[in-house]
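Asks: Sequence:
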Amino acid sequence: MTAFVAPVLPTMLVAAALAAQFSAAVADTGGCGGLAEEVTRGRVKARLSYLFIGVCGIFLTWFADIYSIIAYASRAFALYYALQCAIAMAFAARSPTRHHRRWRHHVVLFGLLTVLALLVVMFGRPAE
Numbered sequence: 001m002t003a004f005v006a007p008v009l010p011t012m013l014v015a016a017a018l019a020a021q022f023s024a025a026v027a028d029t030g031g032c033g034g035l036a037e038e039v040t041r042g043r044v045k046a047r048l049s050y051l052f053i054g055v056c057g058i059f060l061t062w063f064a065d066i067y068s069i070i071a072y073a074s075r076a077f078a079l080y081y082a083l084q085c086a087i088a089m090a091f092a093a094r095s096p097t098r099h100h101r102r103w104r105h106h107v108v109l110f111g112l113l114t115v116l117a118l119l120v121v122m123f124g125r126p127a128e
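Counting in the numbering used here, the sequence shown runs from 1 upward without gaps.
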């Protein structure tokens, strides 16, 4: 049984990974187009933002090596998580349950996570 599966498995894994990345790219592009239209209150149509995203993606792929692209994406995720942690810290600091004895621990923890994520944004380097 494994002799039959072994030659096919790498191809199936690569196909699954490519399909997952393609699916994520399509979903992110769709979300970004709708968000751009919503944030600009219709001044920037979703179709125009799709064009802009596509041109940026082609430009980035054409002029940057794969390791730099991965580093840019990782830093973008780290910035997103830093913002999420900062928001969580602000909500924890203003929480109506501040009488709970551990609320300060939550504020400090979210603050440390914010700093850690910002350090990743500032000092993240592509793998060689």
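It should be emphasised that the hints constitute simulated quantities derived from the structure, not laboratory data. Quantities reported herein were computed from a predicted structural model and do not represent experimental measurements. Warning: the hint list may mix true and false statements.
[To be verified] So the derived label-pair ranges between C-beta atoms look like this: (1) LEU119 - LEU35: 44 to 54 Å; (2) PHE52 - LEU9: 21 to 31 Å; (3) LEU119 - PHE4: 43 to 53 Å; (4) TYR50 - ARG125: 26 to 36 Å; (5) GLY54 - SER95: 14 to 24 Å; (6) VAL108 - PHE4: 17 to 27 Å; (7) ILE66 - ALA19: 11 to 21 Å; (8) VAL115 - LEU60: 23 to 33 Å.
Backbone N, C-alpha and C define an ideal beta-carbon position, used for all residues, glycine too.
Asks: None of the hints should be skipped; say for each whether it holds.
Replies: Here is how each hint holds up against the structure:
1. LEU119 - LEU35: 44 to 54 Å: This hint is violated: roughly 28 Å between Cβ atoms.
2. PHE52 - LEU9: 21 to 31 Å: violated, 39 Å
3. LEU119 - PHE4: 43 to 53 Å: Holds, since LEU119 and PHE4 (Cβ atoms, about 48 Å apart) stay within the stated range.
4. TYR50 - ARG125: 26 to 36 Å: holds, 31 Å
5. GLY54 - SER95: 14 to 24 Å: violated, 42 Å
6. VAL108 - PHE4: 17 to 27 Å: violated, 55 Å
7. ILE66 - ALA19: 11 to 21 Å: holds, 19 Å
8. VAL115 - LEU60: 23 to 33 Å: holds, 28 Å
Checked against the numbered hints above, the structure breaks hints 1, 2, 5 and 6 and satisfies the rest.
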